[in-house]
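Asks: Same order as they appear, the protein sequences are chains A and B.
For the record, in the first sequence the residue sitting at position 85 is 85 according to my numbering, with numbers rising by one throughout.
For the record, in the second sequence the residue sitting at position 331 is 331 according to my numbering, with numbers rising by one throughout.
Hints listed in this document are in silico derivations from the structure and should not be mistaken for laboratory results.
Everything numeric in this text was worked out from a predicted model, so none of it was measured.
We put the CB at the ideal spot given by N, CA and C, even for glycine.
There's no promise every hint is true.
To be verified - To give a feel for the contact side, a few chain A residues facing chain B, derived at Cβ under 10 Å:
1) Val36
2) Ile37
3) Arg42
4) Glu55
5) Asp125
As the list claims (entries may be wrong) - Every beta carbon over 10 Å from chain A, so not counted as near; a handful from chain B, in silico:
6) Asn43
7) Leu112
8) Arg135
9) His352
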Amino acid sequence: MSEQRIRVLIAKPGLDGHDRGAKVVARALRDAGMEVIYTGLRQTPEMIAEAALQEDVDAVGLSILSGAHMALVPRVLELLKANGQEQVKVFLGGIVPDEDVPVLMDMGVIGIYGPGTLSETYVNDIRKAVSSSTS
Amino acid sequence: MTSAKPSRLLPADATQMKEQNLAQAILAGDRLALARTLSQIENGSPTGRDTLSELFQYTGKAHLVGITGASGTGKSSLVNQLTRHIRQSDSQQRVAIVAVDPTSPFTGGAILGDRIRMRDLAGDPGVFIRSMATRGSLGGIASATASIVQVLDAAGFDLVLIETVGAGQSEVDIARLAHTTIVVESPGLGDDIQAIKAGIMEIADIFVVNKADLPGVENTERALRSSLNLAHPIPHHFLHHGQLETSLSSERSSDTSVAEWMPPILRTVALDGNGIGELDRAIRDHRNYLESSGDWEIRERWRLQTEFDLLLQSTLVDGFLSHLPAGEYEHTLDEIILKHLSPFEAVAKLVHGNA
């Protein structure tokens, strides 16, 4: 009797304190039948990677509004890899300038979802990305 | 900093890990192998079962502590402070935390937010936190939690804290997994109703009134104490017409050599750590009591029997249902709904072939 659930970590790295977006995404993923581990504000990349490891998540969502994404995202990706979790999908929410998008996608980020994104968009992207790596 | 150890112990592609490797890696302290095995067990996969079977001989050392209570009583903050205190006073003690939250019955999803309150524990290699949703599989959350706790036990954690919300039957089931059960209350949260709830009073080994800096703490404590006296009858000394009298409870308590355990009621303030040292001491006291009274063995037997029974039931039911002709179960259910068969007759028909 096997029942697999997609597990997603939602974290807010950096110092800005606006977590409304992260909570909305967490709820949308819950409503899509996923198990969402919500870690709250002011997480360091080390804390995020450690939680991703202990919780054995399939995906990590980072909410960044501070503009520090070009520093935080590569660090999280690097730590996930060092822990043997390179298969974990990373997606972003928040404010990311257009010119940074291709750079981040090149690093391996599966999606960047700014304000106004429909929840189906990222729900479908996560499902697709996770199932492609487990099958 | 993160060393290259996990990737050295495991093949690069984690999905190809073999169960022998998983069990060996867990015993060698590999946290990724541990995390992956916990998922396999939650998913009910054969790999998870095989790994647990291999690890089972290494279980039985950890002290399993259940922490339950209504939502909003501050369980997660309490677990955070308690773990911090234990790690600070004895860095040899490794602590695992299993935080169970309910799955949404409508979508099957869940938001697991206990880590928010446990950020003080981040970065401590002697602590492992795992969030778990109840899911609602056949056999119940209790059996999956039992297996998860066993893997953590085998992985060498000295203390496993199992945190569950609420005071319902499934929480009582989870509490049965623990050697020591802590029930958390806080002032002003429908104390009387919570305290009267049968089942919860009996399973508690330690009561904690958290948020003890809030007004109303005396009322909560009084309500607990009065229902505690009902649940654990002990000889009472009271004044009756000026004479000291003793109401004797059962005879058993008078002729046992070890005094019976009377659940203490402790006040804590998880936010500033007040009372946490006393809670730690009460947990150790309870363990000492279990060991000296022989209750440790009794509880182990009871615990493993509960798990064995649950597993037996779910395996038999699964096996039975899988051999039924397609639609037979649904058809029989329809007959019950139409009042053609009573539930007893329906089961007799399915199992023995006669109504």
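Asks: None of the hints should be skipped; say for each whether it holds.
Replies: Here is what the structure says about each hint:
1. Val36: With a closest approach of 5 Å, the A/Val36 hint holds.
2. Ile37: Holds, because the Cβ-Cβ distance from A/Ile37 to chain B comes to roughly 5 Å (cut-off 10 Å).
3. Arg42: With Cβ-Cβ at 8 Å, under 10 Å, it holds.
4. Glu55: With a minimum Cβ separation of about 6 Å from chain B (threshold 10 Å), the hint on A/Glu55 holds.
5. Asp125: violated, 17 Å
6. Asn43: violated, 5 Å
7. Leu112: Incorrect as stated: the minimum Cβ-Cβ distance to chain A is 5 Å, not above 10 Å.
8. Arg135: violated, 7 Å
9. His352: B/His352 is indeed farther than 10 Å from all Cβ atoms of chain A, at 25 Å.
Hint violations for this structure: numbers 5, 6, 7 and 8, all remaining hints satisfied.
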